[in-house]
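Chemist: Residue numbers for the sequence shown follow our numbering, so the first one is 26 and each next one is one higher.
In case anyone wonders, no lab produced these hints; they're calculated from the structure. Treat each hint with caution, since some may be false.
Unchecked claim - Computed cross-link-like contacts, DSS-like style, restricted to lysine-lysine with a CA-CA straight-line distance of at most 27 Å:
| # | residue 1 | residue 2 |
| --- | --- | --- |
| 1 | Lys67 | Lys27 |
| 2 | Lys308 | Lys371 |
| 3 | Lys190 | Lys122 |
| 4 | Lys190 | Lys67 |
| 5 | Lys67 | Lys122 |
| 6 | Lys190 | Lys70 |
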Amino acid sequence: MKRCPRCNGRYDEEISTCPSDGALLVDVVDPLVGRTLAGRYKLLKRIGVGGMGSVYRARHLLLRRDVAVKLLASELTRDPVMRQRFIREAQAANLLKHPNIVDVFDVAEEGVRVFLVMELLEGESLAARVQQGALPVREAIEMVAPVAAALERAHAREIVHRDIKPENVFVCVAPDGRREVKVVDFGIAHIKFEARLTGPNEALGTPEYLAPELARGEPCTPATDLYSLGVMLFELVTGALPFNGTVTQLVLQHRDVPPPRARSLNPAVPAELDALIDRLLSKTPGERAADAGALRYELLALLGDSSGTRPRPAVEPHDDGADERPTRPYPEDLPPSLATLREQRKTFEVALAAAWRDQAPPSLRGDFDALSAAIARLEAVEHERRVALNALVEHERRAQSRREHLLHARSAAEAEAERLDARARSLEEAARAALADEVRARNEVSLAWHDLGPPADNPAPPPTRRWSAW
26 MKRCPRCNGR YDEEISTCPS DGALLVDVVD PLVGRTLAGR YKLLKRIGVG
76 GMGSVYRARH LLLRRDVAVK LLASELTRDP VMRQRFIREA QAANLLKHPN
126 IVDVFDVAEE GVRVFLVMEL LEGESLAARV QQGALPVREA IEMVAPVAAA
176 LERAHAREIV HRDIKPENVF VCVAPDGRRE VKVVDFGIAH IKFEARLTGP
226 NEALGTPEYL APELARGEPC TPATDLYSLG VMLFELVTGA LPFNGTVTQL
276 VLQHRDVPPP RARSLNPAVP AELDALIDRL LSKTPGERAA DAGALRYELL
326 ALLGDSSGTR PRPAVEPHDD GADERPTRPY PEDLPPSLAT LREQRKTFEV
376 ALAAAWRDQA PPSLRGDFDA LSAAIARLEA VEHERRVALN ALVEHERRAQ
426 SRREHLLHAR SAAEAEAERL DARARSLEEA ARAALADEVR ARNEVSLAWH
476 DLGPPADNPA PPPTRRWSAW
């Protein structure tokens with residue numbers, strides 16, 4: 026960040042002269058750069074500023090890797106609601122753990138400040154990309170499909186983002202050269218069963234992407250994110266927003282005014298994509314896509330995905346080993362569960378008894394018994410798997426607790442070492458000052474003795490000595 030010394034304007038580092046008055050820009054000195062937070066995160070450079078605080082590139086001194094540190098603005102730290110929203114971002118990201126969602130490693134405090142430690146993303150936001158104009162249709166879909174995958178995971182964990190927009194989508198390059206899309210900023214996410222952080226009539230989100238139900242004061246649902254995603258997709262393929270105006274005008278337009286068709290602004294938009302965007306921008310939540318997983322499937326189909334099967338939902342087992350199923354079943358590509366096998370076995374047993382009574386052929390009865398034994402073995406293996414997974418999770422939890430304890434102890438030891446080192450330097454300075462005072466006093470006494478002269482009964486005065494520090 027640079028500043029104009031004349032008009033005090035702020036500009037990016039790439040600009041050297043002020044566009045307004047032509048003055049040479051000077052670097053803005055950030056007092057936090059160079060500081061070490063929590064004894065291990067050294068702030069190297071400020072890389073972004075948002076509504077809730079600033080983001081810094083930082084070095085993890087213990088692991089020796091660069092991370093992103095997001096500090097809550099100092100004026101917001103005393104607001105308990107804003108502070109909790111800031112911490113909720115870490116809680117939401119920690120619940121999700123998805124390749125298309127930014128990873129949050131740590132949340133900590135430094136004095137009155139609270140900060141998050143996240144993975145460092147190298148690239149640019151989707152907002153910076155769309156500022157250059159509309160994206161090609163294929164590229165726009167390739168940007169939105171990973172966001173739908175991230176929302177599929179969030180909605181499965183009953184988390185609604187509530188602020189999907191290009192500024193909160195980051196496009197970066199993975200170490201292997203692949204392009205990655207990451208959803209960031211879960212600061213105002215709605216987590217089911219947790220306390221509300223908004224008033225009864227307070228609508229959170231960005232007005233340009235506000236869902237009609239929020240404009241009407243209704244509760245948010247997963248369909249709320251799908252509407253915002255539809256607005257973003259409209260913007261990517263047309264280079265414009267469906268609605269513009271003041272905040273009040275935007276709220277009323279999202280609530281009451283039918284949106285324009287994307288093809289009316291960009292005839293290159295395929296009819297199928299135009300219809301999908303129009304459904305996503307429906308004023309009625311139930312008329313949008315069935316869920317984020319179904320939307321992702323439609324987007325991949327528009328790309329000509331040749332897999333022939335619906336993509337698997339981005340849902341994995343909970344960390345506690347519980348069996349979590351997606352909100353929509355996908356029987357065409359998922360194997361039958363044990364519960365389904367048990368039901369099928371029971372149905373087959375009833376059919377076998379009805380057809381043969383108790384006189385089924387031995388071979389058929391043997392196959393049925395073999396099936397029953399196989400299901401029993403699968404149930405035993407599944408039970409062992411869950412027990413082992415629970416033990417592994419507990420082991421990881423304890424190991425993480427020990428790691429955190431050791432990191433805390435190391436940070437405390439480093440802080441104590443710094444304090445003792447500073448104390449030692451202070452004592453050395455005091456010792457040098459005392460030695461200088463002693464030398465000065467000895468010289469003054471020697472000179473005074475010489476000026477007074479020897480006593481009457483001692484004709485030979487002592488020799489004059491000059492003291493100096495050793």
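Chemist: Going straight from one Cα to the other, do Lys67 and Lys122 come out at no more than 27 Å?
Modeler: The given pair, whose Cα atoms are some 25 Å apart, holds under the 27 Å limit.
Chemist: Taken at face value, is the distance from the CA of Lys27 to the CA of Lys67 at most 27 Å?
Modeler: holds (22 Å)
Chemist: Taking only the CA atoms, is the gap from Lys190 to Lys67 under or equal to 27 Å?
Modeler: Violated: Lys190 and Lys67 sit about 31 Å apart, past 27 Å.
Chemist: Straight-line Cα separation of Lys190 and Lys122 no greater than 27 Å?
Modeler: Between Lys190 and Lys122 the Cα gap is close to 20 Å, so the pair holds against 27 Å.
Chemist: Holds or violated: are the alpha carbons of Lys308 and Lys371 at most 27 Å from each other?
Modeler: violated (46 Å)
Chemist: Taken at face value, is the distance from the CA of Lys70 to the CA of Lys190 at most 27 Å?
Modeler: holds (26 Å)
Checked against the numbered hints given earlier, the structure breaks hints 2 and 4 and satisfies all the rest.
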